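Chains A and B are the protein sequences, given in the same order.
Positions 59 to 167 (the working numbering) are the ones given, in order, by the first sequence.
Positions 9 to 175 (the working numbering) are the ones given, in order, by the second sequence.
To be clear, the hints were calculated from the coordinates, so they are not data collected in a lab.
Please note: incorrect hints may appear among the correct ones.
Stated by the list, open to error - Sample of chain B residues at the chain A side, in silico, Cβ under 10 Å: (1) Thr130; (2) Leu132; (3) Val134; (4) Thr139; (5) Leu140.
A quick note: this is a predicted structure, and the numbers were derived from the prediction, not measured.
Ideal Cβ positions, reconstructed from N, Cα and C, are used throughout, including at glycine.
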Amino acid sequence: MLLRALADPARRAMIERLARGPAPVSELARPLPMSLPAAMQHLGILEAAGLVRSKKEGRVRTCAIEPRALSQLEQWLGARRTEWEQRLDRLDAYLDTLENEGETHDTSG
Amino acid sequence: MTQAADGTAGSSSPEVKPLKTSRVLRARRETVFRAWSSAEHVRRWFAPEGCEVVEAAVEMRVGGKFELYMRSPCLENWLRGTFVEIVPNTRLVLDMRIDDSDGKTLFRAYTELDFSDAGTGTRLDVTQTYTLIDLTKAWMIAGAPQGWGSTLDNLEQEASRMESSAA
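Bound conformation, chain A alone:
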């Protein structure tokens, strides 16, 4: 659900905006080429995925990011980072082998 919610560029734009702080629905919808009801529908999906919560105050519905959902994403990203760190360790080790081979038969690239 979480990833499906984020698969849509309009919803990612909303999340990016909300990452800077809470905002009313109208402000989230404004930069997007869509009607307010369409924006509401996207928000509904983000809310259902637990990424965003909203509350109505008078006639204004204000949305905010759900920090716990984001921390899951941060952990996922952290895992990707670890993967790259380890991959670069292995690359560095493998390059020793390649450099030694390169000494004997250099390629033209």
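Once you have looked at the hints, place chain B on chain A.
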């Protein structure tokens, strides 16, 4: 603008934020570049630890394949990529996606690699921009093969939490 209510949402944006990392490698630029240039090289270092590379195809030309089929004790998945940009010994751009063994895409990773001189070695800058497609499976990939200690534990916990909340 108002502060985030819990004060916990520290960083700017979620998965849309690209991952950037860099490393100075103890080899010449041509050598580092060459390590990306063929399946024979790539299969020696690219796959996560504990993953067996079953098949690999690397064709270093724009539109050429960069593909690895990887198997670990717990899972199998495809990395399917194509070369988008090639500047010899300077820059590579790869559009990658990770598919599960049924061919279902879990996430995409647009990968930019910049090679530059750093003393007698080479600095490699990696920028990877992700589009996440199927989170529950993506979590499994994050956690299963590496044995990352606490990271792994966290991820497994998160994965099972998400699986159960998705059910």
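Hint by hint, here is what the structure shows:
For B/Thr130, the shortest C-beta to C-beta distance to chain A is roughly 9 Å, which falls under 10 Å, so the interface hint holds. The closest approach between the C-beta of B/Leu132 and any C-beta of chain A is roughly 7 Å, which is under the 10 Å cut-off, so the hint is satisfied. The interface hint given for B/Val134 is met, as the beta carbon of that residue sits about 6 Å from the closest beta carbon of chain A, less than 10 Å. Because the smallest distance between the Cβ of B/Thr139 and any Cβ of chain A comes to about 7 Å, under 10 Å, the interface hint for this residue holds.
The restraint placing B/Leu140 at the interface with chain A holds, with a minimum CB-CB distance near 4 Å, inside the 10 Å limit.
Of the hints listed earlier, there is not a single one the structure fails to meet.
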